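Chains as they are written, first to last, in my numbering: chain A, 284 to 871; chain B, 284 to 871.
It is worth saying that the hints were derived from the structure and are not from the lab. Since the model is a prediction, treat every value here as computed from it, not as a measurement. Some clues are possibly wrong.
It does not matter which identical chain is used: a pair holds within one copy or between any two.
[What the hints assert, rightly or not] Under the rule of at most 30 Å between Cα atoms (straight-line distance), these lysine-lysine pairs were calculated in the DSS-like manner:
{"no.": "1", "residue 1": "K413", "residue 2": "K547"}
{"no.": "2", "residue 1": "K440", "residue 2": "K504"}
{"no.": "3", "residue 1": "K457", "residue 2": "K504"}
{"no.": "4", "residue 1": "K604", "residue 2": "K655"}
{"no.": "5", "residue 1": "K788", "residue 2": "K392"}
Number of protein chains: 2
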Amino acid sequence: MKFNSRTHTCGELRESNIDEHVVLNGWVDTRRDLGGVIFIDLRDRYGITQVVFEPNYNLEAHNIAKDLRSEYVISIEGRVRMRPEGTENPQLPTGSIDVMVDRLVILNKAVTPPFPLKDGVDINEDLRLKYRFLDLRRPSLQRNLLLRHKIYQVARKYLDENSFVEIETPVLMKSTPEGARDYLVPSRLHKGKFYALPQSPQQYKQLLMVSGMDRYFQIVKCFRDEDLRADRQPEFTQIDMELSFVDQEDIFQIVEGLMKSFYKEIKNYDLPTPIRRIPFDEAMETYGSDKPDLRFDLKMTTLNDVLSKSTFRVYQDAISKGGIVTSLVAPGCGDYTRNQLDVLTDFVKKLGASGLVWIRVKEEGLESPTVKFLTEEEQKGIIEKLNAKPGDLLFILSGQKLKTLSIMGSLRLEMARRLELIKPDAEPALLWVTDFPLLEWDVETQRYYAMHHPFTSPRIEDIELMTTDPGKVKARAYDLVLNGSEIAGGSIRIHDSELQSLMFKTIGISDEEAEYKFGFLMNAFKYGAPPHGGIAFGLDRMAMIFAGEASIREVMAFPKTASATSLMDDAPSTVSEDQLKELHIKIR
Amino acid sequence: MKFNSRTHTCGELRESNIDEHVVLNGWVDTRRDLGGVIFIDLRDRYGITQVVFEPNYNLEAHNIAKDLRSEYVISIEGRVRMRPEGTENPQLPTGSIDVMVDRLVILNKAVTPPFPLKDGVDINEDLRLKYRFLDLRRPSLQRNLLLRHKIYQVARKYLDENSFVEIETPVLMKSTPEGARDYLVPSRLHKGKFYALPQSPQQYKQLLMVSGMDRYFQIVKCFRDEDLRADRQPEFTQIDMELSFVDQEDIFQIVEGLMKSFYKEIKNYDLPTPIRRIPFDEAMETYGSDKPDLRFDLKMTTLNDVLSKSTFRVYQDAISKGGIVTSLVAPGCGDYTRNQLDVLTDFVKKLGASGLVWIRVKEEGLESPTVKFLTEEEQKGIIEKLNAKPGDLLFILSGQKLKTLSIMGSLRLEMARRLELIKPDAEPALLWVTDFPLLEWDVETQRYYAMHHPFTSPRIEDIELMTTDPGKVKARAYDLVLNGSEIAGGSIRIHDSELQSLMFKTIGISDEEAEYKFGFLMNAFKYGAPPHGGIAFGLDRMAMIFAGEASIREVMAFPKTASATSLMDDAPSTVSEDQLKELHIKIR
């Protein structure tokens, strides 16, 4: 089992190394026997090098090599030679050389893996997760973890250069369930008391601003005990930052510099800045989403003005109740069959629409079962406003504003998919969505809720509206959107206790409740809090998009399943009665 | 509340800025009123700048300035001027200029802090922890957090440059209590099951080696629910690494390079390498510790050979039972009073010694109540062997080997303290302690235990001893010691399943128990595990030593108390019955 340190990795040898005596260590990737000569592709993280066992060259090594199987771990020593003409492999960086082996040590044997350790093979994901230590040998996962490594380094280098201080905040903190559920940790020393794992370091980072740290960042694990629909994980990673004495524009500048670094260092792409900014209202009206995908155009158009005098009940109703009539042109889809249109109608109905108005644009005008409800003038107005061409298909949806826009936004994405509008080589589409509403009205409880969190600052010019028309107040909140996914979100915070009181009053939180829930932060604000704001990146999702993967599990070393279990080590698991006793808890 | 972005920080302005119009934001550090002129020292993380309010220069600003109190947050605009001759402050980098203010905005008021936000004031630590957000405004804590920031950046840059991949391992993992207690997290989705917070990512990093990642690192939070005697924290930070295809020497080289970087970047000190290596046995015999402080010399000397024929029962006993007689010279302490000697005797007795032999060295020979038990030849032998000089004081302890050496090691530290042997400007004393015993014999349970953990590899040349004389087997384990503190520890791991079985057998772990406790790692080893090893730094302790602090709490932003509570937010705390119900647990 004695072996020598490698002189090179398996991705390193070139023609310039010919005749050198080298030591390589790695895994047997493939083995071929050709006329008594054994060829091994020797693999490590850095690449693959062909090594050759010839009985005439070294009989002993050749004899041992007969035992080699895939995934055996070996150490070889030998001489680098030019590959014989015609046997070069231009696919491999090392493909013009191989190594004639004169010493072979088998460092470890391997049983046959439960699935092929190659890319492009369809393997059951549960099996992959159970054998994650083997799954991670596959080239795509190795690449993804290296990409993630790169993201960490680029982020920290950039933030360090911009005077941010990296500070670790506690993982064992106080439980303050807001929105999502906390993971709890029973205390052994304090019977009946619990720590919580942080959903984010929000309060700590605000405290660090109060403490004068000026610029904070941390790449940090956060935890949410939610039902893991779709692509969530119980633990996820944020690039978290907070800055003092800043306005929204300062944060945009910092973040845009960071995005430029990511694209330059990771994709060698010069990201143009400033990044486009779209207010929430416009994003909703034009794209039907607060995280619009701008890799394709396809805009929605509001028809309230064109149809303001419509006698058609549906539009009349929507407009008179403060709702919206929105439309979308599907270019060249005028020949969609009735069946195709039914499928799309079902699509929007599943999202909560009562129906879908579709209109074919013909040379002679609009054609649709509902056209009869529109006056000539209205029909002309629609064609003009939408710049509709013969052969196009129009969709119209009407109803309560945000809901209707959001359904049309989903239809927009669906049409982009059908029309293949997102090109594989599309440039990244980044944008800021700004001017979110500060508050959301909840019909059920008849009160306002903070759309982000209650520490988000209103726009200064809107403060008066907080008492007169709270629903109209815009927040100093912003999301960064990449290719239709929110990759970061943040806000300028309230730092003034009077404004904070007003905010609590507006969302119906009493002084006592505010004290109980947010007391220690409120208290800190009394001792001189600077204006401050911040942002947090969802690192997993961003890495996923950079890697071109469809799931965040593909960019995490050891992810959990949708039911929050680790198939590899079987966590969570039962624990001993003694452990529970020490923690003063029992199973109910 | 509208304010302008700062043009400079408070540490930035110099003579070259004179006559510039600038904006500064920050905290009121101190305020002085001199003949109608108000001077404010304005503070932020970057420094202090004096700003001046003169009624003749700007009456409005001067009027507002009358309201300013310490720790108010303000924004000022004004003109930089040379300070009037005789009023320069050479202590401040900005001390040759000040700023004549023509606009002042009070961004936030502040109530009086509960303690002065200065260094060098003795403040109750509980009060400091309760108001940690204010405590963190003190210069020493700001410095310490910046130093810690630097450690992170230097470590990652170095490891990145050396082909290490940063990989995040799960925080919610399987409970495998070994030694210390796990923190547990009840699962909501799986009734009666629990996650555990990692005591270290040991198993994950070994799996990453199996997966071929080759070189892994992570700066990672770890958790131990121990009784927090002395200077422990429930959550602490490790610089964790693991490398494939390496031997101990490779790890030493990597770590020595890292330490060189730390000292160069943080202390601007060229650390000489290689770092000294001392085998465990020698460290114990010479310094009575496996983490000796080498900032001072003061060596212990074993007297077994000189006293091998002693007729004095105490020495006879110790030597014949395989124990040790060890000695220490306290230079120039021959005039210690009886009282002083009694105090030292008490000191060693508290550590478990039965007594302390002390001997004064005189011109005419040794003087002590116990000298009569030594022959002339033995006395001469001792003087020669210890190179003792008249005026010196000798200590002798005898008994069971490791225990006796360790008590003398404590006395060595105590004498160094009394003799002030550790100079404030002492060069850092780094060393590797190597060749630890693999196993410890436990008298009570009459079995061997792994001294590190059961995956630590024995020295290859000692494998045969594992069946014949396990107590003699040395491990491929190593600690890095700085100024008498262990700052890192690690080992080469077992990667061969046969050797692993032998190890389990030797420490009396059955196949079933091994499967239950270490099954998923054991299983992974079957699929081709490379030789690998690693090391983990205790970052908190290292930062503490670099900062010259006496407690790790001084280098953590939000530490907990000795009873694992956070005095600032009162964690742990009670949670709602609903939360517990959802987690299927109740308080017992």
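### Task
Please work out whether the CA atoms of K788 and K392 approach to 30 Å or closer within one copy, between two copies, in both situations, or in neither?
between (68 Å within a copy, 22 Å between copies)
### Task
Pop the pair K440 and K504 into one bin, within, between, both or neither, using alpha-carbon distances up to 30 Å.
Both ways: K440 and K504 sit 19 Å apart in one copy and 21 Å across, limit 30 Å.
### Query
Using 30 Å as the alpha-carbon threshold, which applies to K457 and K504: within, between, both, or neither?
Both, since 16 Å and 17 Å are each at most 30 Å.
### Task
With 30 Å as the alpha-carbon cut-off, assign the pair K604 and K655 to within, between, both or neither.
within (23 Å within a copy, 111 Å between copies)
### Query
Checking K413 and K547: alpha-carbon separation at most 30 Å within a copy, between copies, both or neither?
Cα proximity of K413 and K547: none, with 36 Å in one copy and 44 Å across.
Of the hints listed earlier, the one the structure fails to meet is number 1.
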